[in-house]
Structure formats: structure tokens, C-alpha cells
Amino acid sequence: MATSYLSYSAAAILHALKNGHHYGFDIMDALGLPSGTVYPALRRMEESGFIASKWEKAQIAQREARPPRKYYELTRSGRTALTDAAERYRLPEDLETRAARPVRARSEA
Amino acid sequence: VKPHRWFIAVVSRLVPRALRDEWRQEWDAELAHRETTVEQWRAPTFGDRARLLRQSSGAVWDALWLYSSRWQSVRSLLRHWRICAVAAVSLGVAVAATIVSFGLYDALLLRPPGVQAPRELVTIFVSSPSNSYDVLSYLDLPFYRQRARSFSGLAAFSEGLTSFAVTDVHDHLVGMTVSENYFAVVGVRPKFGTLTFPTGPGAPTQVVVVSEALWKRLGADPNLIGRTIRVDHATLTVLGVAPASFTGMNLVWRTDLWVGPDANLQAIPPTPPDRTDRAFYLLGRLAPDVTSEQAQAEVGGLSAILAAEYPTTDKDRKAFVTPTTTITANFRGDVMPALAALVGLALVTLVAACSNATNLLLGLALTRRHEMLVRTALGASRLQLMMPLLRESLTLAVAAGALGFTLAYGGLSALSAIGLSFGPDIPPPAFDVRPDIVVVAVAVMLAVVVGLGIGLGPAWRAAADGLSGALTRELASTGGRGRRLRSILLIVQTAVATTVLVGAVVAWRGVENLQRVDLGFSARDLVVDDLTLERAGYTRAAGREFYDNLRAAVARVPGVQAVSLASGSPLSGCCDRTNLHGDGEAASNRLTNLAFATVDDDYFATLGVRVIQGRTFEPRDTPRSQEVVVVNQHLARSRWPDQDPVGQHLIIENGNRRVEVIGVVADGKYESLAEAPQPMLYYSLRQHYQEGIAVIARTAGESPAFTRAIGQAITNLNRDLEIWVARTLKDNLRLELLFPTMIFMGLGGLGGLALLLTAIGLYGTVFYSVSQRRTEIGIRVALGAQPRDVLGLVLRQTLIFGVIGSAIGAGLSLLALPIVSSLFFGVHPAEPVMVSAVALSSVAISSGVGYVAARPWARTSAIEIMRAS
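The listed protein sequences derive, respectively, from chains W and V.
Residue numbers for the first sequence follow the working numbering, beginning at 1 and rising by one.
Residue numbers for the second sequence follow the working numbering, beginning at 1 and rising by one.
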């Protein structure tokens, strides 16, 4: 009965997740969206089951001498929703990242 | 210095405690990570810190969003706002209809008069063979006061409210005659002066108590007490001022003047000591620890003593007590069934709206099956599973209740503000039906009951599903209990809509029948002016002379074709009452309460009343000649079935007058449109002088200009002459039709609402069930099914619901009709043709809605359908 309707920013966030930006601040950097948009969208999509979160492995955090970060990834239904939304919004296959450094290295958690 | 960390620490207070630590950890970790990456390159600068602070500013929105998650129910409703808006609006409208009808019921029937301890007050009526709510004589007051022990106080108040002209106020005000202790029994304290009328020999009688409103209009003079005011043509001394909180105890009229029983105001002559002069009710305040049943028993016994003491006047008269209400008990009987029917139908409509909302919530609950399963796995109890769903339905119901109450309040306030007018010289009614605390409480209760009512079923089902449903998910969505519940709801809705529509059609038939009723005269183009000669100071002789001048003056008005004078006009105070005795025969031939009017020679011609036999009044019928009467057919037929009525004699009044019948005229409606045919007697105006006279003029068309010109012609004759009411007979008819039309509009509105709700529910259900079956439909289309076949598949189901629902509705209507048909004029207790017509049309409507909802699916190709699933 309820059709899941993704806003443009939500779709872009899913897209960023798919492209390897797994942390809140990375997504903000990748999309140029403010934290006030990104975080509530993450919470909402987690509640809707489009994304799932888990805590970063403690060793990685310890190595960098900081607390473990929260890590987001797409679920199966998130992937489906993204495919639909990508068609509608004509999102590019890969997002131009704005961050200066390669992000893949960091997301091998 | 890390301002962004402090910022997060502060903002974290917004986050619900359960999530707070984790939330803070996530933000801290992100910021720490940022800090370390920056530190890898260089020592953080002021700019770096400012950027981090700016980036963490969104944490406020994040925290607020989590804060709002406490309001889970609101959020999950907001996610499905379209569905919820439809449900809330339709529920809201139905709740509004229920509150409005209950508000009217409350204001008219339940609300006590606004006085101290209103439940202790009772009104004493008398039932007599001719009138079940008869009035008492003022002479009864001392008798009851002396003997009755059930009351701490007993007062008398006049039956009717009288309109008075108060000099300097230029307006007519409502007044009432009361016994000296009336205010003490009611429990009202004076604002100024005293409210107790002086009694005893030599006590002043020309005194008056005024309302605070009138006191203000008289100049708000604190020294008004002891001064005189002119009321009609009498001079009265102001005794006291009643406080603004007391406006009489009548819902419709605000009382501004109270006079004692011995005041001489001409309009109300002083009460003569006669047991048959009855114009009062008694008002009693129950003594402590006395129930109204005990008072009833005592009063009934006392009236039996009176009947034994005065057999000629008080035989068969039995006193009884009723609670004192803002609408007197005799009218309550008229109003109650109609209002009860309205409340009942509104509730039934609410059931339809509730089943709609249940249907929608059921759909929502199904989409949450997965969540339910997870929560069950985590060990949630059934109650824990149901709670969030119930909260949702309650939220929906509260929203609907708020909307409904706002609509209802607006509607009832608008109704109270309607400026009803019964003519220029009658005070406008002050009619207040705005919701009070009782209505508010009922509205709140209604919202809670509705919330639980619409939520329990879906919540129970969704929670049950969580226990075992996961494996049967696919199956359950296309069949099983959910679908059965939906089907039952649809059938209920169709039944409700059919029943309410039958009600509307019956009410419409009632109005139609009233409009078509044979009046026995032609109501078109008649202007009526009621005058009282007495107030202008005419004596009997001068009055008779004035009649001729009056007739001549009105006849001269351009456009007036005929003029007649009579004691009253049909459908508006037409008749007085007399008794008819047998013509020298046994008392069994007696007829009490026979209606009569006193009319002039031209009356029957002016009103277009058919003369069947004999003649009407002529100049030869003078006060000195034989007293003659004209009777109607009904009376003639019942008295002299096989004889010629003309020339027969009748003995009237107390058996002291013998009159001769000179003619028979056609039957008609005299007092109300809905009355049964009744016997009627006409006297000659020439033989019986009347102080109150109605001028009836037939004009060349209907125009307010005629009413004005005729009124002008009358006042030109004598400036002192007051025209009580100037109107057309059509106005009388409109007033007669007002209540039936209002009932019809209420029922029609409810019927339309029920139908609309059913259509919405049906559309949703059909659309939903078809979309659930699209795989099946796709396969059928692939196998060669035509759109016709697919439609047939869906429509068959809709048709079954429609037929079952309409049949139940028709059955209910047929059961209810014998009970309610008496409310509507000319409606038979059994109306099989009308009921089946309504039932058939509701089947047709439901099929139509089913067709519209299913059509898009029937047109699509197999590929499209399969892809959609």
C-alpha cells in the first residue's frame, strides 16, 4: 500500500553509500550536503530498512587513537530503492568525489 | 580548545536518553576522525576548527529528528499522510455530524436551566382528557402550597410568554406572569431591589421586575428601583432587577419582564378567581431528601382530592411532575423522537466512517508485518506489539476528533447566530445551542472510543501475524482473515448507507407530502395583519365601527382584491376551543375541545374556502338575530350522517347556547399542516365582537410591497394601533415546514456523507484487492482473458458485497420504519417499493464505484501487470 518514495537527497546518499562513502562526514564531503540533511536522512533510511549500520572494528579505531565510528551500508531493499530512484533522478553511475583523498582505502573495515 | 565537541555535548541533551550515548559516540568519532586526519597534515588552525563547528551544526537537526522519534505514532502516520488525511477527514466529518446532532440533543433536551441546583426543580402539569399537558388555575397554587410536603417552595408561572411594548425601548420584549415567590423558588438573588412581589390586602399590584439587560437598555440607572416605566398602556413601578445570569428558563426566548398575577396590563387582564381560568404551571423546588417519585405520588393524590372537591371543574384532572427543562415537557415529546433519530443516524454514519478508517489502518498494519516479526523475535509481548499501532489509531482519532469538534462548534455557533425573525413585533428568539462541557466531554470520549474502535482490530491482527504469519505472508496478503474483515466492513458500510438513505428519502417524502397537502383554501397571495383594538383603546361600539373603516381602507390599497376580518388566520392562531353538547341527547354526544374561529361575511370568499351546502354569513345575521354557525364537512358528517345539516341546531359552550347551522364548508388545515382532519365551527364576527383581529387581504401577486402598503393603510387609520405580526400566509406555511425541512436536510446530509464514505471505502478496498491479485490477473490475461472477463471477476465480488449490504440495510429500514414513520407526515409504516428502490440504487452505486476502481487493471496488458508485481 505504501510506496517508498525517496527524496533526491536520500537517493544521492544511497548512491554515495553504494560508491563507498560509508560514514556520515564522508557522505557530506562527497555530496556537499550539510550534516543537518545527511544525518536525519540516514536515520530515516535506517528506520525504513534501506540502510543498516554497525560500529567500526575496535582495532582500526585504536590504531588511529580515536573512538570507533559508525559505519553505514546499503541493504537489499536499499539497493532496489536506489535502482528505482536512480532511474527517476538520472543519477550518474559514479559520483565525482569532492574529497581530496581516495576514500576506498578508509572503508575497508 | 574544541568548540565542536562542546557543541555536540550540549546538543546531545536533546537526544532521547536511550539513544544518547550512542549518538554522542557517533558524532565524537566522526569529529575525532576529522581531527586526526587534519593533524596528520598540520596543526589545526582556527579555520579548521570553525569548519568542524560548521559541519557539526547539523547535529541539531539530527538530534531534533531523534527527539521527534518519541512521537513515533505521529511520524508513522505522517509517512502515509495521504491515506491518513482521507481517513482523518472522513472520520472528522462523521464526528462533526455526531457532535452537532448530540449538541442539539443536549441543548434542547438535556441541558438544565442555568439556575441554582436545577435538578431540584420540577414543573407541575395536569393531564386532562383533552390535553395531556394542561395548565392549572391560579387558585390551585394556595391549595398545593398548603398541602404538599414534598417541596421547599412552590410558585406559579404563566403558561405562555407575552410580548410587551416598553416605552422608550421601542422594542417588544418577552414577559411572564409569576407568583410572588417565583424568584425565591428558582433561587435567584436580586442585582438591585427585591425580587419578591408584595402580597396581602392593599399591597401594590402595578409592580414589575426587570432583567439586567432591560435595566441597561433603560439607561442602567442604579436608582431605577421605585421609579415607574410604561409597559403597554400601564404604568408599573420597578421592584427589582434580576441579575444578568438569569434570563428566564426558556431555551428560545429571553425573558425581560416579570409581573405579579394581579397586575393590570390590559394585554393580560388580572386573573379572575375562577377555577376554569387556567393559565399557570406550578414550579416546585423539591425539599431535601425528597425524590421526584415521592413528589409525583403526593401531587397525584392532591389532585384527586381537588377532583373530588370540585367535580364540575376538576373531574379527571390528574397533576404530575416533570423535571424543569428549557423546553417545556409538552414540547419535549415532539422534539425528542426526531432528535433521537438524528443522533442515531449520525452514530450509524460514524460507524461507517470508522470502518473506513479501520480498513485503511488494516492496510498500514499489513505493510508493517516484517517489523512485527522482528519485534516478536526480540521477545515483544502481544500487548507491546499492539501498543504502537493503537497509539497510531488514537492519534488519528484525536486529529479527527479535533477537526470534528472544530467543525461542529462552528456549525452550532452559526446555528445559534441565525437571526430568526417571526415578524417585526415579536422579539427575536435568543437561541443558544453552542456546545457546553457535556458536549466537549462526549466529543473527547467519542475520539477515544473511535480510536480504540478503529485500531483494535488491525492491531490485534498485525500482532497476531507476527507470531506465525511470516511463513504465510504471501498467502495472507491475498486471503485469510484480513480480507474477511475487509469484506465485513464493506458490507456494514453499504448497509449503513442504505439505511441512512432510506431515512433521508422518508424525510423528503414527509416534506413533499406536507407541501402537497390539501389546505382547504388557497394560500397564495394572502397578506395577514394581526391587530389588537383593545390596546388602542377602542370600546365595543367604536370597534364595530372601526371594522368597516378598516375593511374599506385596506380595500382601497392598489392591488388588493378582497379583504376579510377574522379572529385569526389559518396555520397561525386560527382557532379557539369550545365544547359541543348533544342536541338534547345523552352526554355521550359531547365533543370537547372543538376548534372555532370568528369570521366576517367575506372570509370564505377571500380565502377561497368552498361552500358545500347552505349559505355563509350575511348582513341579516346581527347581534339581535338568531345565533348562527357554519360548520365544516367533517363536523357535519359526524353529527348528521344521514340528515341535512343546514337548519340543525347545536348546543355549545357550557350547554347554555343553542345555535343554528346555516352552511357547510370544505374541510381544511387549521392549526398545522400535519394535523388529522378535525371538526371546525365558524361564528359570525357581526354577532361576536373580537378585540384581537386578523386582517386577511388577497392581493394581485406576492410582493413585500403589498404587505408594507397594507400595514401603512392600517396605521394611517390610527397611529396607536399596533400591528402584531404582518406576514403572508406563505410565511405561515414556511414556518410550518421549517422543522420537517431541517430534519430532512439533516438526514439528507448524513445520507450523502454515509454514501461518500462508503464509496471511498469501496474504492480503496477494490483497488487494493485488485492490486493484490495482479499476478493472478496477469496470468489470466496471458491465457487470453479479455478486459471484460477481468472486470467481471472484480465486479462479481463487489456486486456480492453490494447486494448483501443493501439487503441488510433494507431489512433494517423495514424494521425501523414502523417506529419512525409517525415522525414524517403521510409516510406509511411499510414502504417496500421505496426501500427496494433505495437498496437497488445503492447496489448500482457500489457496482459503479467497483467498476471505476477496477477499470485501470482490466485495460492493462499481461506484461504490464506482471512487471508491476
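Each hint should be verified, as a subset may be incorrect.
If you want a taste of the chain V side facing chain W, the calculated C-beta under 8 Å gives, among others [unchecked claim]:
1. 56
2. 58
3. 143
In silico lysine-lysine, DSSO-like type, Cα no more than 30 Å apart, as pairs [unchecked claim]:
4. V/216 to V/191
5. W/54 to V/2
6. W/18 to W/54
7. V/2 to W/57
8. W/70 to V/191
So the derived label-pair ranges between C-beta atoms look like this [said to hold, decoys possible]:
9. V/3 to W/47: 25 to 33 Å
10. W/55 to V/10: 53 to 61 Å
11. W/90 to V/16: 32 to 40 Å
Simulated from the structure, these hints should not be mistaken for lab results.
The model shown is predicted, which means the values in this text are computed figures rather than measured ones.
Built from N, CA and C at the ideal position, the CB exists for glycine as well.
Hint check results:
1. Against a cut-off of 8 Å between C-beta atoms, the interface hint on residue 56 of chain V holds, since the closest Cβ of chain W lies about 6 Å away.
2. Annotation: residue 58 of chain V was flagged as interfacial toward chain W, and the flag holds, the nearest CB pair being 3 Å apart, inside 8 Å.
3. For residue 143 of chain V, the suggested interface contact is broken, since its CB lies about 75 Å from the closest CB of chain W, more than 8 Å.
4. Between residue 216 of chain V and residue 191 of chain V the CA atoms are separated by roughly 12 Å; this keeps the pair inside 30 Å, and the hint holds.
5. At roughly 27 Å between alpha-carbon atoms, residue 54 of chain W and residue 2 of chain V fall within 30 Å of each other, so this suggested pair holds.
6. Pair hint residue 18 of chain W plus residue 54 of chain W holds up; C-alpha atoms about 16 Å apart against a cutoff of 30 Å.
7. Taking the CA atoms of residue 2 of chain V and residue 57 of chain W, the gap is near 25 Å; set against the 30 Å cutoff, the hint holds.
8. A distance of roughly 76 Å separates the Cα atoms of residue 70 of chain W and residue 191 of chain V; the hinted pair therefore is violated under the 30 Å criterion.
9. Residue 3 of chain V and residue 47 of chain W have their C-beta atoms about 31 Å apart, which keeps the hinted 25 to 33 Å range intact.
10. The hint said 53 to 61 Å for the Cβ distance between residue 55 of chain W and residue 10 of chain V, and at roughly 24 Å that hint is violated.
11. Between residue 90 of chain W and residue 16 of chain V the CB atoms are about 38 Å apart, so this pair conforms to the stated range of 32 to 40 Å.
Checked against the numbered hints above, the structure breaks hints 3, 8, 10 and satisfies the rest.
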